[in-house]
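Construct all of the structure, not just a fragment, from the sequences and the given hints.
Here are the chains, one letter per residue:
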Amino acid sequence: MVKKTQWLFLVMIFTMGMLLAACGGSDEGAETGADEGTEPDTEETDGEDVEDIDDENGDSAATGEPVEGGEIIVGSDAEPNGLTPATVSDTASRDAHDLVHAALYRQTVEGFDVEPDVAVDLPEVSEDGLEQVIELRDDVFFSDGEQLTADDVVFTVGIYLMEDYAGTSTTLFERVENVEATDEYEVTFTMSEPDAALTASLEQAPIVPEHILGDLETYAEIEEHEASTTDAVIGAGPYVMTDWTVGQYINYEARDDYHNEGPYIQNITWRIGDTDAQLAMLQAGEIDIMNAAPQDVVTVESIDGYNLAEEPQFGYNYIGYNQRNELFESANVRRALTMAINREAIIDGIMDGHGTVAEFPHSPEGPIYSDEIESIPFDQEGALELLAEEGWEQNDSGQLVNGDGDVFAFSLLTNSEALVRTDWIVAVQQMLGEIGIEVETETMEFGAYLDRINPPNWDFDAIAGAWSLSLDPNMESLFHSRNIESGQNNIAYESEEFDELSTDNRAILDVDERMETLQQAAMQVAEDQVYTFMYYPTEFQAYRDNIQNHSYNSRAGLFRVQEWWIEE
Amino acid sequence: MGQETVIELKDVTTSFFSRKQELTVVDRVSFSVEKGETVAIVGESGSGKSMTSLSIMQLVPAPNGKITNGEIIFNGEDLLKKSKKDMHKVRGNDISMIFQEPMSSLNPVYTIGEQLREQLMYHQPLSKREAHEKGIEMLEIVGFARAREMMREYPHRLSGGMRQRVMIAMALSNNPKLLIADEPTTALDVTVQAQILDLMRGLSKDYDSSIILITHDLGVVAELAQRVVVMYGGQVVEEAKIDEIFDKPLHPYTEGLLNSMPKLNDEQTRLQSIPGSVPTPDNFPKGCRFVTRCPYAMQVCTEEQPTLLEKETGHKVRCFLHEEGVGKDGNIDRRSKQTQ
Amino acid sequence: MTTYIIRRLLITIPLLIAISIITFALMQFAPGSPAVLDVDPNVPPEAREAQIEAMGLNEPLPVQYARWISGVVTGDFGNSYITKRPVSDMLLERLPNTLILMTAATILAIIIAIPIGIISAVRQYTKTDYAITLVSFAGVAVPNFWIGLMLIMFLSVQFGWFPVGGVQTLNADFNIMDRIHHLFLPALVLATADTAQLTRYTRTSMLEVKNQDYIRTARAKGFKESKVILKHGLRNALLPLITLIAIMLPTLIGGSVVVESVFSWPGLGDLFMTSVNQRDYPVIMIITMLTAVLVVIGNLIADILYAIVDPRIEY
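Chains as they are written, first to last, in the UniProt record's numbering: chain A, 1 to 568; chain B, 1 to 340; chain C, 1 to 315.
It should be emphasised that the hints constitute simulated quantities derived from the structure, not laboratory data.
By construction, the Cβ of each residue, glycine as well, lies at the ideal position given by its N, Cα and C atoms.
Any given hint might turn out to be false.
[Said to hold, decoys possible] If you want the footprint, here are the derived chain A segments under chain C, 3+ residues with CB under 8 Å:
| no. | stretch |
| --- | --- |
| 1 | 74-81 |
| 2 | 281-288 |
| 3 | 377-383 |
[What the hints assert, rightly or not] Quick list of in silico lysine to aspartate or glutamate cross-link-like pairs, EDC-like style, CA-CA up to 16 Å:
| no. | chain 1 | residue 1 | chain 2 | residue 2 |
| --- | --- | --- | --- | --- |
| 4 | B | Lys248 | B | Glu312 |
| 5 | C | Lys224 | B | Asp86 |
| 6 | B | Lys10 | B | Glu34 |
| 7 | C | Lys227 | B | Glu114 |
| 8 | B | Lys85 | C | Asp213 |
| 9 | B | Lys89 | C | Glu225 |
| 10 | B | Lys35 | B | Asp206 |
| 11 | B | Lys286 | B | Glu304 |
| 12 | B | Lys241 | B | Glu34 |
| 13 | C | Lys224 | C | Glu208 |
| 14 | B | Lys20 | B | Asp282 |
| 15 | C | Lys231 | B | Glu114 |
| 16 | B | Lys35 | B | Glu22 |
| 17 | B | Lys84 | C | Glu225 |
| 18 | B | Lys241 | B | Glu223 |
| 19 | B | Lys35 | B | Asp86 |
| 20 | B | Lys35 | B | Glu8 |
| 21 | B | Lys241 | B | Glu255 |
If you want it as structure tokens, here you go:
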């Protein structure tokens with residue numbers, strides 16, 4: 001018996017040791033990951049510390065012809081909250097209903113742009129931009145056999161415009177005055193103001209069946225309908241949901257009457273389990289695909305039979321400076337703060353190198369990114385010079401003080417669920433401390449955090465946050481002065497230049513011209529450094545190596561899965 | 001009285017072992033019980049009488065207690081040589097035992113009936129129904145008027161005397177050849193004591209069973225026993241017929257016990273208790289174990305252990321006062337050369 | 001007995017009311033508002049107000065409480081803020097899984113702990129006893145999730161003896177052996193702490209009983225040691241354990257929050273975790289209430305069982 005006990009102890013000590021070793025290992029890895037993060041073209045520079053990565057949009061050595069058949073099991077850490085796109089905004093719901101629904105437009109494989117899906121072509125826009133006509137394909141069917149017609153599109157857009165609409169996409173169709181079916185396969189949008197972002201908005205509004213939900217009069221009824229909450233969902237997408245057993249799995253089956261290429265893989269199963277469980281399932285070979293957290297990359301790479309796809313997140317982390325606080329009034333001060341923070345060290349030290357330094361309020365993958373963006377170097381001397389210009393000098397004890405003897409001190413707030421951010425705000429505290437700035441870090445639960453930073457409280461000095469971006473690179477909601485009182489401009493950034501550039505961008509119907517304007521507006525934000533843009537986090541998806549034509553995009557769980565196939 | 005010996009103990013020695021030492025609590029005890037005879041083992045607490053009875057049952061608390069020597073001849077067989085399995089057949093069947101604490105000796109969670117039945121069925125090939133009837137019969141024998149109802153009762157609803165009767169019924173249910181009663185009346189009221197004693201006397205007569213009665217109460221002894229074994233410090237110090245013990249006790253300890261017993265006929269005499277108390281096994285004197293309390297202690301008593309000698313037929317005593325060759329000065333003549 | 005049970009049930013009513021008030025108050029004073037209200041700050045304040053109005057969150061607290069509790073009493077638990085589905089549906093689809101897990105864990109704890117506790121007591125101060133003591137202390141001290149992860153790592157991932165999680169093989173037909181196969185590890189992990197504790201209690205209780213006079217009586221009756229211990233010792237030793245086992249029930253719910261997450265077990269604990277993360281108040285409150293009710297029921301069952309097995313207790 002004693003021997004058994006000893007053995008048990010040995011096992012315990014051994015396993016603990018392994019855990020410690022694993023932690024140590026990842027730290028080491030972080031030291032070596034040298035990343036030229038400031039280069040916008042991330043796909044090449046990031047390749048250095050991860051070996052078997054696929055090319056960006058996953059034309060992963062597609063050998064041979066597509067094969068029909070097979071099954072994949074996908075790990076998912078959350079359950080969808082609903083399946084009618086208008087009613088939900090979380091990623092689990094989006095990933096789950098993506099397979100079932102089709103929209104007028106979809107994201108291109110090549111980049112962050114849209115292409116027709118159910119629509120025949122891009123809209124025909126009237127000269128004044130107030131009328132957009134979209135022709136629909138006449139070969140699109142819902143999974144219950146009903147044909148998709150203009151009525152379905154009108155109904156779908158109508159949900160967003162319902163009086164009691166309580167979803168999160170209020171701005172998508174705010175310029176739509178009227179939408180009507182002008183023919184069985186033709187929809188006409190009448191706009192209150194021209195809207196160049198309509199196709200991008202439609203990409204986010206997959207079409208739901210009017211013949212199922214059409215009788216419902218309120219948004220609340222739609223939200224609660226079984227087609228929104230159970231596997232009774234009907235859509236025109238590549239797959240049909242055959243079984244959703246709550247808390248356990250969702251089964252999908254390929255449709256043979258899908259209107260675009262594919263689907264090749266016959267069955268898809270979502271298996272619900274937290275990320276640790278998923279990782280174990282991946283190790284045990286029980287699942288074929290999962291999104292891997294950066295800290296699990298080392299583990300995932302060690303598992304045979306899987307590839308790892310890597311993509312910068314379509315979004316960024318930032319520190320936002322509350323303009324209501326006079327400390328942050330000057331652009332020079334804000335720039336100096338950025339210069340005093342070693343963002344590359346944070347990426348390497350805290351994130352194992354899984355990120356790229358950000359300098360700009362939009363993604364390098366997006367259409368308005370410019371190679372000419374100035375990168376702000378890590379330069380604490382330079383930061384001190386800038387601060388000196390603004391009247392802040394270090395005193396004898398190294399504190400940064402102004403003429404009145406006030407110490408440069410502020411609090412940096414973030415939400416406690418964001419484990420990486422809670423780590424790096426401490427690093428920021430230390431880095432700013434090196435030049436005499438006293439930072440107090442604060443973390444709180446997400447709900448409480450939002451209460452603090454959102455209207456009407458705005459009770460913060462600086463926040464560490466993150467935005468994920470939409471396809472349309474319009475940043476009015478974040479930075480336009482009319483979104484200060486209510487809206488996401490909670491740092492109260494007011495810039496005449498930005499307002500002017502962005503106010504009517506949606507009315508610019510020429511795409512190139514509009515993008516140029518938006519780029520200038522974004523440049524203005526970068527110039528003003530009202531945020532310190534921290535980094536674009538890298539995201540990972542592990543997938544079994546028999547999956548062909550895999551593509552990965554952080555805006556979707558299984559991006560274009562209908563075009564994947566399984567090699568025998 | 002029959003001449004058939006039911007049980008005979010020969011030099012039975014029982015010790016408790018701790019890491020440091022061996023403590024002998026029963027020291028070379030020998031005596032025997034004839035068929036139909038009631039033998040009382042008398043002594044104060046700590047004299048080893050209860051351990052002697054547990055040794056017979058081989059229920060000395062394990063794992064520290066062990067019978068290290070001797071023979072216990074029962075039915076012509078040495079119980080100490082029997083396997084564990086065979087002992088299970090002896091206990092509760094051939095030899096039964098009742099205990100001092102009737103309040104706690106019955107299991108509180110089972111009915112009287114269950115506790116009676118299980119013992120019957122364990123040792124006899126009886127069906128549950130037969131065992132039940134037999135149980136009722138036993139309860140009637142020990143004097144329960146409503147025996148059938150009693151079978152359904154739980155022990156906590158019974159008085160102490162009733163429980164002791166149940167214990168007796170249980171002990172007798174398999175017609176044991178020997179009943180060991182360890183202070184059967186000590187915990188009971190005086191009136192109840194008398195009832196129980198009556199019951200036992202009647203039973204020993206009716207069934208001709210042999211009884212080993214363990215008690216510190218010489219009054220009880222006088223009521224029941226034919227022969228008395230007096231124990232002190234783990235040893236038998238005197239053994240005699242009941243009359244001889246009461247009339248002419250040989251050992252000073254027996255004398256002391258008798259003096260501490262109230263007598264009906266001379267109420268005037270003050271009760272004398274024996275000064276001091278029984279020494280614990282780790283504290284036994286080198287010589288006679290009673291020497292520290294003995295009014296007649298001599299030099300030799302402190303140096304050497306007396307032996308148990310048969311002074312008269314059937315009357316044994318362990319005392320230098322009665323050993324031949326011990327001078328009045330207490331020096332040993334006969335065996336002086338054996339001492340150091 | 002019936003009167004006693006009714007009396008006991010009546011006593012629990014004010015208790016449950018108090019618990020419901022506390023639960024409700026805790027939700028109200030928790031920082032932040034329901035998550036559905038804060039997803040998009042783009043929502044104009046009027047729309048947000050309208051939604052708060054629609055959810056009835058503007059009414060005075062006593063009114064809100066009264067509405068909620070009257071719903072609860074009549075079985076209408078309201079709809080989830082997040083999934084918009086009736087909370088009762090969400091509970092019902094998960095409750096069986098949790099009950100299965102808890103029952104299995106309780107059974108495992110009992111069938112492991114009681115024999116081991118008895119062995120430990122019977123062999124008091126032997127090496128066996130020391131080893132059992134050591135392991136059971138470890139069982140109490142080591143957190144559930146760690147044991148769970150280790151078991152998954154070794155037994156499931158390395159050796160492939162057990163599935164990593166879930167209640168059954170994906171897309172397989174119902175198969176009782178498959179269910180048990182999936183149930184074993186989570187039930188074992190959930191049972192760990194209670195097994196360890198129960199072992200200790202069994203040992204203590206058995207040691208106490210071992211020295212009782214009726215055990216000596218049983219030996220004197222000639223019974224084999226196993227019958228002495230199992231028939232006469234065990235039942236008495238189990239009496240105090242019944243209370244303990246009944247009190248274990250609610251701790252199992254607490255444990256199931258962690259275990260269900262680790263093993264992807266779709267039960268109430270898992271739902272609770274999700275709901276807390278999403279601040280889905282209607283669900284959180286009902287699960288909290290349900291736990292409280294289980295505690296009360298557990299205690300009631302303990303008392304009734306105690307009365308059944310211990311004839312000395314009368315009502």
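Checked hints:
no.	hint	result
1	74-81	holds (count 3)
2	281-288	holds (count 4)
3	377-383	violated (count 0)
4	Lys248/B x Glu312/B	holds, 12 Å
5	Lys224/C x Asp86/B	holds, 10 Å
6	Lys10/B x Glu34/B	holds, 15 Å
7	Lys227/C x Glu114/B	holds, 14 Å
8	Lys85/B x Asp213/C	violated, 22 Å
9	Lys89/B x Glu225/C	holds, 13 Å
10	Lys35/B x Asp206/B	holds, 13 Å
11	Lys286/B x Glu304/B	holds, 7 Å
12	Lys241/B x Glu34/B	holds, 13 Å
13	Lys224/C x Glu208/C	violated, 20 Å
14	Lys20/B x Asp282/B	holds, 11 Å
15	Lys231/C x Glu114/B	holds, 11 Å
16	Lys35/B x Glu22/B	violated, 35 Å
17	Lys84/B x Glu225/C	holds, 10 Å
18	Lys241/B x Glu223/B	holds, 13 Å
19	Lys35/B x Asp86/B	violated, 22 Å
20	Lys35/B x Glu8/B	holds, 11 Å
21	Lys241/B x Glu255/B	holds, 15 Å
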